[in-house]
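**Q** Sequence:
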Amino acid sequence: MKLMAIDGNSILNRAYYGIRPLTTRDGLYTHAIYGFLTTLLRLRDEEKPDAVCVAFDLHAPTFRHKADENYKATRKPMPEELKMQVPVLKEVLDALNIPRYEAEGWEADDWLGVMSRRCEAAGWDCVVVTGDKDSLQLITEKTKVKLVSTRMGQTTTKDMTTESFREEYGFDPIHMIDLKALMGDGSDNISGVPGVGEKTAMGLIQKYGSIDAIYEKLPDIEAKPAAVKKLTEGEESARHSYWLATIVTDAPLDFNPEANTVKAPGPEAYSLFLKLEFSKLIERFGLRQDGPVSVEREHASATVTVEQVTDAAKAKKLLELWRSADHISLLTLSDLTGVAVYCETGDDSAVMAELFFDRYEGDWNVLLSSLFSGDIKKVSHNVKDLMRLLLANNLPAEGFLFDTALAAYLLDATAGSYDLERLFVSYFNEELPKPLYLDLDAFALLGNRIAAEASFNSYATAVDALYDALASKLRERGQWELFESMELPLCRCLAEMELAGCRVDAKALSDFGELLSQRAKKLESKIYQLADGEFNINSPKQLGEVLFDRLGLPHGKKTKTGWSTNADVLEKLRWESPIVDAVLEYRQLTKLKSTYADGLLKALDPDGRVRTNFQMTVTATGRLSSTEPNLQNIPTRTDLGSEIRKMFVPEPRNVLVDADYSQIELRLLAHISGDEGMRAAFLSGGDFHAQTASKVFGVAREDVTHEMRRRAKAVNFGIVYGISAFSLSQDIGVSQKEAKAYMDAYFATFPGVRSYMDRVVEKARADGYVETLYHRRRDLPELTSSNFNLRSFGERVALNMPIQGTAADIMKLAMIAVWKRLKSELPQAKLVLQVHDELIVECPEADAQRAATLLAEEMEGVARLSVPLTADAHWGNNWLEAKG
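Per my numbering, the sequence shown starts with residue -19, numbered consecutively.
Some hints could be false.
[What the hints assert, rightly or not] Only pairs whose alpha carbons sit at most 30 Å apart, straight line, appear in this in silico BS3-like list of lysine-lysine:
| hint | residue 1 | residue 2 |
| --- | --- | --- |
| 1 | K113 | K209 |
| 2 | K243 | K414 |
| 3 | K138 | K63 |
| 4 | K197 | K210 |
| 5 | K552 | K693 |
By construction, these hints were calculated from the structure, which means they are not laboratory data. Note that the structure is a prediction, hence the values are computed from the model and not measured.
With the sequences and hints as input, model every part of the structure.
**A** As structure tokens, this is what we get:
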């Protein structure tokens, strides 16, 4: 039998500081609870314990506090955002039937000590889960400690057994107490022996085993005279520190391992998880309730009539109803063989229409053409994907007035997931049934069709319920215009771009891949020669051993997985050995080969074109991203990376026309900050980076060197991203002091930028969010966090998001304008790709000049700013050539 005993405060605390803040719609912080529960699930799966329990500290003095008023006296108060989560976590544990233990006068550590020893007495194994090293003293052959660390949302664990402890520390686990007695513990304000640090303390315990042995031999121990003096004078402190650091394993606490065996969660857990909006955890904890959920009864408060559309006469009747309705809400199956349509017919009545290809006796395409024409106003979920599906099947894709996924994204751009299940829980505190309709096999002969159809209807009804909730919220927050004029029209534009795709020269790409392979092979031989032997270059562990152990290059700290060999580490070692340059180039070649040369070939459709999927609800700034394949990360800074762009070509007798914004984010900074000097620089039309260098370095414009301009450019763009002096120093290869001097000179040159930065952060702190010129929002709960790192992150986002987000908004408006104008003026031209600040059009060669002019006009004229937007347009026989 095995017990998993969890240090509740420790794991909750680490989750709080390691995970980005999450709140429910009612404003309750939940990220620490969420992190605790995900850690619990992970460790439960890893350890498969027979019993689980959690120990907590109470907010009351323990016997240690009463004996020493300085004990833990330096600890900061618990942040309010964490404090509010403690009682909620306890409620969650009670609902999950996981026993918890706490007692006045005793710490959670003492509970863990009692638990481990009672387990051993009963013949059980015990796993102590904690983030604190205090519990390492509990390790025995029957008790191991699992150290948990959560950082940047990632949780890692480290198993500490008697063997691994001895290997790391060089003595038995019980003497962790002796180590603390000498070196102290700053987090608990245990003083130890003043002046004795970790290195000295470790050496003494490794040699003598305990403080008793050390003091028995004093002054005749192997230590420096100064250390002997400190130990002699600090004996009383050492003895007291030993007492404070000792976990009481025989405390008179009521605990029996058998009372903690794993039990099924209570029925109240389901509703509690819904209230906390933990929809993803409901299934993982086995809380999902069986049976269909009557969404229509709960949220439409209507009598719903279900209509199965089997013939043209029924279809005609329903089409007339839908045309006269304010709107209908619908979902389709992924192959368009089924449609569920919900339509209100009055204050207390509605019709749910079930349309299935295999039950319809009329012309299916005629029915779909009528349904998706512009005279029926439609609400759906992920409209862009549905439009692409319709257009790919030569069906109309008109009349869409709302997209519940896009609306939810605008209301919370950092939620990460906008599936209907999660949204329904979030807005209505109720769960939808499993989305069986997503599996087409469920509708097959051997599938569970009745359940699949029920879920299909429930989700279509959920779309309607969400429409009401989301639309009113958008209007309330002043974001309806953003949704209606930008996000929704962009759906059709992107759907057509995805269908059009980009032609790729498959032979040239294949030849390029072969060239990369040959060059990588030569580098491989060179690396083996320089390393004096073969090894797996792609293995960071083996590479680290070669570079730092075999070749003796300067190194940083060794982690449990070995030496770090990331790009930043290797860049600093370029001058130490020729093998470093060879490894960096090898990595570049193999990345180009696998990701782009091979990856693009695999992604090619039979017609020789590659079709990406533009993601509209991924980035927090509003920028588009692309997947399957990702065409927005094609490297451009190296000659080889640029070669990839050569592979993107037009059809015969066509050209590619490329236009990109010039320094759009800096121009927006000038406009939004109102800095007169920056505005004047852009209005003059000169080289902005050179002008900045001239002012920052105090030299005449004609005396600006290439290096000065490079550094000024780094400062210009770094400021937009809220860069620190340290980061800037790393980017441009100067000291931190010099980088700070550049930034100070920059702010002296453009004082309006500094005042804007101060202003925007303060406003964000007061409002709880930042927004773009077009009212795209990003909530920033991090700004009120007591965690310095999270607060600093929030400040950087507050500085950057209004600029980068507005640039994304302007690009979206430009795409819509270009797309519309191409349709009316150059119908043979197609918008085929968008990459950051760049648009690419494919058109007949004869139309190249007109397309270039059109692109520049629409991109430059789409927004009215106090400084000009400029877009440079060129064309050519491939993407690289079209860049000009």
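**Q** Each hint should be assessed against the structure and marked as holding or not.
**A** For each hint, the structure was consulted:
For the given pair, K113 sits about 28 Å from K209 by alpha-carbon distance, which is consistent with the 30 Å threshold. Taking the CA atoms of K243 and K414, the gap is about 24 Å. The hint holds against a cut of 30 Å. Proximity of K138 to K63 is assessed by CA-CA distance (about 27 Å); at most 30 Å being required, the pair is judged to hold. For the hint pairing K197 with K210, the CA-to-CA distance comes to about 15 Å; that is within 30 Å, so the pair holds.
Note on K552 and K693: the hinted pairing holds, with a Cα-Cα distance of about 22 Å set against a maximum of 30 Å.
Consistency with the previously given hints is maintained throughout, with no hint failing.
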